[in-house]
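Protein sequences appear in the order of chains A and B.
For the first sequence, the numbering used here begins at 1 and goes up steadily by one.
For the second sequence, the numbering used here begins at 1001 and goes up steadily by one.
Hints were generated in silico from the structure; no laboratory data involved.
We treat Cβ as the ideally placed atom computed from N, Cα and C, and that holds for glycine.
Be careful, since some hints might not be right.
[What the hints assert, rightly or not] BS3-like mimics (lysine-lysine), calculated; alpha carbons at most 27 angstroms apart, straight line: (1) A:K253 / B:K1010; (2) B:K1237 / B:K1250; (3) B:K1211 / B:K1029; (4) B:K1009 / A:K257; (5) B:K1016 / B:K1211; (6) B:K1250 / A:K16.
[Said to hold, decoys possible] With the C-beta cut set under 10 angstroms, the calculated list includes, among others, these residues of chain A facing chain B: (7) I20; (8) D83; (9) K93; (10) K203.
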Amino acid sequence: MINIIQNEISKIFSRKKIYIFISILFIVALINLLNSLITRNLFASQDYGQTFPLLLFDSVASLVIPIFVVVLIASMVTDEYLDGSLKLTLLRKVSRNQLLLGKMGALFVVLFLLLLFLLIVGYTIGISFFGWGKVFLLKGKELSSSQGILFTLSVYTTSLLSYISFGMIILLFSVTIDNSGSVVALGLVTLISWVFIGEIFHKISPYLITDYFNTYNLFISNPSKEKIIFSFGVIFLYSISFYLLSFKIFNNKDLLK
Amino acid sequence: MNSNMIEIKKLNKSFKDKLIIDKLNLEVKKGDIFGFLGPNGSGKTTTIRMLLNLIYPDDGTIKINGYNIKKDFDKVVDNIGAIVENPKFYPYLSARKNLKLMANLISNLSNDRVNEVLKTVGLYNRADDKVNTYSLGMKQRLGIANALLNKPELVILDEPTNGLDPKGMKEIRDLITRLAKENNITFFISTHLLNEVEQICNRAVIIKNGKVISQGNVKDLINIDHEILEIHTEDGKKAYTYINDLSYVKNVKVTKQGIRVQIEKNKSDKLNKLLINKGIDIKYSIPIKQSLEEYFLKLINEGDKSD
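Take these sequences, add in the hints, and give me the full structure.
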């Protein structure tokens, strides 16, 4: 399994897409910096470097990173199926289940690295331009520095899980539809419509995976244990059910390309 | 000990109610270079995909090295190397990197194996070039290198010389013959090129519309139950009238040189004697070696008539 994940990661980092993603994240970080500098000058607001990674994450969490997930999975599964290279791995001692799990494992590692990059860029820019700051202060919430770091890491980590969960939905599209453009289009429609539905119908939003892309709001509201368990349950349920469905379809699929 | 490398029994496969493979039976012996012949659309690639578990049969069994691949594919896949249709690689990676990724999925492989197979197929000096700069012939050779990585006992090649120029074809055929000899590899080669089978295969099967229409040793397939004689004489028309109704004459045509006659095997002496006794002046009597191509076309045409 580790070998399959290594191969997938190696392929991802040999293509331009990942460097485009990294560049986009960097550009978004610069835009956020500019925005913070302007706000600071206009309104004399006080931004601290230690909160900048969360500000930055807030601006990419709901759309930018999920779009990366859609594009990455369409490329890893549908594109490889269509260009015939998917079978290269299956002609070795690799089962279809191992192949899909390997691809999802690689997605996890790549997203982890992208978020780590975002976190490092966030702290670096934040501290360089605003200093570390006395306390962690964001949207009226004040925490000590150590609590702030822990809070930031929690948001990044749990969001990573929700992206993987969303990735399983895209995986289902990828093994079902033999056209990567359609997979991307359907993925984007799903993403945008679910975000939209979540914004309008607040009662439904806890059941939508898109609601957990940015867990800032969840953690900031001092949630009960039940709420946290429910949230993780939703993320877990999406992951398992969509993976099993994807696997069932892929395992029975005639690979004709 | 099982002497069959591949055993296919009553294999069926349909796509959307269209029967593609129809009760296919075949056996490939260990050490064979086995030709899997058929016109385009006859079901060759579908069969190969089923051999490699990429698609699943509706019915029938496939055994490789004695193992039923439905249950034990993981036990045989380590001993198989394959190219299905055109060799596919990650075009944005070099040949070496492609092979290294594949080698990473094979256990107990020596570190130098990638270089070894690159040398075997003559790509060592271009190994660090990206695959998207390769010609089709180079990709075919890289496909063979990939198929050889795990030191397989069985190599399955789907149209390995398709799209190559004559030089490239010869190189691939020579490579296959050499590998079969030196490494004792069984080859299963699908092709629609009859001379390819004639040149490199010892046994072959001919399929059409998913059905086996002939199977056996290539020599026997060529050396079938009749022979063709080209008889040069100035009395062609006269000769025609004498022999046209003979029971052992299957077909006779008057030609510029005389007659061309298709007769039962081992009847040429009798025919020549008869013509001489009838006073026909025979200048030459030339036996025409039937190629597999003629045999193949005859079978295919017979199949067409019966359809």
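Right, here's what the structure says about each hint:
1. For a cut-off of 27 angstroms, the pair hint linking K253 (chain A) to K1010 (chain B) stands: about 22 angstroms separates their Cα positions.
2. Using a Cα cut-off of 27 angstroms, the hinted pair K1237 (chain B) and K1250 (chain B) holds, with the two alpha carbons roughly 17 angstroms apart.
3. Proposed proximity of K1211 (chain B) and K1029 (chain B) is supported: the alpha carbons are some 20 angstroms apart, at most 27 angstroms.
4. For a cut-off of 27 angstroms, the pair hint linking K1009 (chain B) to K257 (chain A) stands: about 25 angstroms separates their Cα positions.
5. The hinted pair formed by K1016 (chain B) and K1211 (chain B) meets the criterion: a straight-line CA distance of about 18 angstroms does not exceed 27 angstroms.
6. For the hint linking K1250 (chain B) to K16 (chain A), the alpha-carbon distance of about 67 angstroms lies beyond 27 angstroms, and the restraint is violated.
7. The restraint placing I20 (chain A) at the interface with chain B is violated, with a minimum CB-CB distance near 14 angstroms, outside the 10 angstroms limit.
8. A least Cβ separation of about 6 angstroms between D83 (chain A) and chain B falls short of the 10 angstroms threshold, and the interface hint therefore holds.
9. The closest approach between the C-beta of K93 (chain A) and any C-beta of chain B is roughly 5 angstroms, which is under the 10 angstroms cut-off, so the hint is satisfied.
10. Interface restraint check for K203 (chain A): the shortest CB-CB distance to chain B comes to about 44 angstroms, outside 10 angstroms, so the restraint is violated.
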